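Q: Each chain, letter by letter, is given below.
There are 2 protein chains.
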Amino acid sequence: MTVSIDGQRLWSSLMSMAEIGPTANGGSCRLALTGEDAAGRRLLLDWCEALGCTLRVDRVGNLFIRRAGRRDDLAPVATGSHLDTQPKGGRFDGILGVLAGLEVFRALEDQGLVTERPLELVVWTNEEGSRFAPAMVASGTYAGVFSVDDTLSRRDADGVTLGEALEACGYAGELPVGEPRLDGFFELHIEQGPVLEDAGESIGVVTGVQGMRWFDVTLEGQSAHAGPTPMRLRHDALAAAAHLIDRLQAHALADAGGDTKVTFGCLEIDSPSRNVIPGEVRLTVDLRHVVEAELDALQALFERELAAAGETFGVAVSQQRIWASPVVAFAPECIEAVEAGARAQGVPYRRMMSGAGHDAVYVSRVAPTSMIFVPCRDGISHNEAEYASPEHCALGAQVLCDALLGRANRPA
Amino acid sequence: MTVSIDGQRLWSSLMSMAEIGPTANGGSCRLALTGEDAAGRRLLLDWCEALGCTLRVDRVGNLFIRRAGRRDDLAPVATGSHLDTQPKGGRFDGILGVLAGLEVFRALEDQGLVTERPLELVVWTNEEGSRFAPAMVASGTYAGVFSVDDTLSRRDADGVTLGEALEACGYAGELPVGEPRLDGFFELHIEQGPVLEDAGESIGVVTGVQGMRWFDVTLEGQSAHAGPTPMRLRHDALAAAAHLIDRLQAHALADAGGDTKVTFGCLEIDSPSRNVIPGEVRLTVDLRHVVEAELDALQALFERELAAAGETFGVAVSQQRIWASPVVAFAPECIEAVEAGARAQGVPYRRMMSGAGHDAVYVSRVAPTSMIFVPCRDGISHNEAEYASPEHCALGAQVLCDALLGRANRPA
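Chains as they are written, first to last, in our numbering: chain A, 29 to 440; chain B, 29 to 440.
No wet-lab data here; the hints were simulated from the structure. Bear in mind the structure is a predicted one, so any value in this text is a computation, not a measurement. It cannot be assumed that every hint is accurate.
[To be verified] In silico SDA-like links for lysine to any residue, alpha-carbon gap of 20 Å or less:
1) A:Lys116 to A:Gly157
2) B:Lys116 to A:Thr340
3) A:Lys116 to B:Pro300
4) B:Lys116 to A:Pro300
5) B:Lys116 to B:Asp186
Full structure from sequences and hints, please.
A: Here it is as structure tokens:
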């Protein structure tokens, strides 16, 4: 079964969706389960109903939009992503994955084709985490990571629970969370990084997600006047922090394969003053690697370097690991289906690990899964300036289409 | 002429003065030219008038309290410091220098002695700079660094000028600023650093003040998601800043003589977030050295290291020098007078440069000057916990007494 998607129609869907919750600088604001998010869902459902699809909504508001197959007794092959955005989000993050699924349905409809297994287009609730923490809470609930009750009782900044928001916007469904079981899941997404663009490649065949660990670090020295305090008698918390940062940066940059990532996103000096030696510094550490054992080693190195920096500068150090996300490997047969699709397009592509979290990461716990990345300009996302070209969106949707059909039509 | 000061009486004066403007945790709050500062001055003047001293007040409120000599046609030998404090200041910073001068007058009176040259006890207005910026504005005006009109028109946070505050508290004097010319000036002060305490020494013979240069630095990279952005494609402003800090720290620590000081007191990341690579960092740099040419070399090194850090991390860097204070050398004959006094006490002492600014630094432009330091606990000052022991205060006052008498009694 060969089906060509219509890149122009896909682009037009993307631009129409962006008209809901538009922001001043060309982005979108559809926070989860707000009126804007509901309007975005409504637009999608209108389009899908026109194709004869059927809708089920689960108890945490995930939408399952089914296109019937020949064998509706078999588990569906699914695709999808999310329609909610950051407060100043772009037009592509999540949305491309949903509307590419719609485009596959439309292309099948154009050609009057029916797959063996049913297809399911999924819209996951509250992926961004901007309104209700944490991110990806509803796909995580689907995968059994969070309980339904916990998820429904998550509150936004105004104290509104996710359950109340679902009722208010009309998406509190009846389908038990975890249904339907999926035969497989493919998610198309913008890369949200610069790797494909930098390499001149059009498709990322995503083989998994790098592991990640977050730490809060405190360095306590002694604040003192810069003038009268000799270097050797100082307890400079910032000097110790800078030493730690510099050592770990050098370590990560020395990894020629580029699989080691260290980021210090926040650094705060207590009561800073130009001529006072910093007495206390708090900073955050984000460590990532594509191999779990290497991530263990990276954490051990961080702990050693932190202790050494404290000793060198006479500063008391402490750290707390506040989050850990293991390395995830996607299903080989799904990865191969995506790779075959990329190869068929004759464009440069690469196998790569995702650096960011996605709904597919949770879904991969309960169904064979892979992802498809397309380049985004300058690697920018979560930003009104986020952009993916029509050509790359179309290429991604075509690879998605091939992967979906291949899996949906394989022998039972 | 040998005169012994009374350490117990000096301590008692210090504790009495601390009762004016007391703070919750045992410190003092006498912001310049407030009711508290005026009350402190009044207490001192009551004590001095009981000794038969005469008062002149100059146009910026500096007090000149004279004890007559045999040769009142000769320029006076002076001592003094300041009575104003930080908002949560201690009992010693400035105050010790004033009340030690009082104690010298009292000891002379006890023994019925008169010096050849007159002695002058000086209280400089607004040393701390907490109420009116900059610090040491009135001794700077005395030395010709600031004009009288400029100084009188400095405003506090409420818009009150220094001139108005002088009128309000009754210390707007008639004496032309710059008078009287001094034959010499000695200032006793707590060290405000940890060097003497650390070395177990009781007296610092201050030979001058280290030079100082202040810079504002901006590093502009590119913020991006920590997860999907490879290390080699990052433009991490914090990584560049940390590299700069670490390099300069290492350089300063490698100076075995301890004359090189580098301090990064403030560092701020623009829109920090745990999993976002810092796009912009602003930091402050404070460079100090006791030799002007070495300070030039240190600045050049800083500029090279900043450029190199920018290049290494793909970050645009810029810096602005916002303040420079040259190395100051005190008068050899005054330094020797202090050193002789320290030696006579038979206590461990050292020659040292001051790391902080003092009224004596400005006065040294127009009169032969030196300073005497005594240890303060843990090097802490500008803090309610500031403390110097009665023994060290007495030792410092005795060395001051010897230096003053030696100079006041030398042949004309």
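Q: Taking the hints in turn, state whether each one holds.
A: Outcome of the hint check:
1. Between A:Lys116 and A:Gly157 the CA atoms are separated by roughly 13 Å; this keeps the pair inside 20 Å, and the hint holds.
2. About 32 Å separates the Cα atoms of B:Lys116 and A:Thr340, which puts this hinted pair outside 20 Å; it is violated.
3. Under the criterion of a C-alpha separation no larger than 20 Å, the hint pairing A:Lys116 with B:Pro300 is consistent with the structure, at around 17 Å.
4. Restraint check: the Cα-Cα separation between B:Lys116 and A:Pro300 comes to about 17 Å, which is no more than 20 Å; the hinted pair holds.
5. As the CA atoms of B:Lys116 and B:Asp186 are separated by approximately 19 Å, the hinted pair is consistent with the 20 Å bound.
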